[in-house]
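Participant: Sequence:
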Amino acid sequence: MTARRGGPTDDFSSDEAAPESGPHLDPTRTGSVQVGLEELDERGETAFHAIVADEFHIGRGRECNLVIRGDSKTSRRHATITREPTAFVIRDDGSANGTKVNDAKISGPVTLKFGDKIEIGHRVFTFNRRL
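Each residue of the sequence shown is one higher than the one before, counting from 1044 in the working numbering.
If you are wondering where the hints come from, they were derived from the structure by calculation, not from laboratory data. Where a beta carbon is used, it is the ideal one built from N, C-alpha and C, also for glycine.
Mimicking DSSO-like on lysine-lysine, the simulated pairs with C-alpha atoms at most 30 Å apart in a straight line are:
#1 Lys1143 to Lys1156
#2 Lys1160 to Lys1116
#3 Lys1160 to Lys1148
#4 Lys1160 to Lys1143
#5 Lys1148 to Lys1116
#6 Lys1156 to Lys1116
#7 Lys1143 to Lys1116
Per label pair, the in silico range of CB-to-CB distance:
#8 Leu1174 to Arg1120: 27 to 35 Å
#9 Ser1150 to Asp1114: 20 to 28 Å
#10 Asp1114 to Ser1075: 31 to 39 Å
#11 Pro1128 to Gly1087: 35 to 43 Å
#12 Thr1129 to Arg1173: 14 to 22 Å
#13 Glu1127 to Glu1085: 30 to 38 Å
#14 Ser1150 to Glu1088: 32 to 40 Å
#15 Arg1086 to Asp1136: 25 to 33 Å
#16 Thr1089 to Asn1145: 17 to 25 Å
Please model the entire structure based on the sequences and the hints provided.
Facilitator: Next up, the structure:
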């Protein structure tokens, strides 16, 4: 499988189609599917933040892949989602206010499943995929 990677507009396309469902769905084999974080914005519209790097950093810092502005409860480098061989894993990067997955504050790496709710500062995201 060959995937294109690089800038924020990449779609992780490949010649191999991703499986649609099943208990053994490998979220890292995305085919033409984008994996990322969905967020309901203040207008009630869904924003999708594609995970475009093997190490996807989230925080207030300009160096982060997903920059969260105007949230004092978010650290400069708050959390990281890592693409591993068969899963995506989130970890808190020592933030002052912590990271929650499905309402539970995490203390170590957590393997994400599609539909998981992630709370960073005042923001709430859903780990998901889209075609």
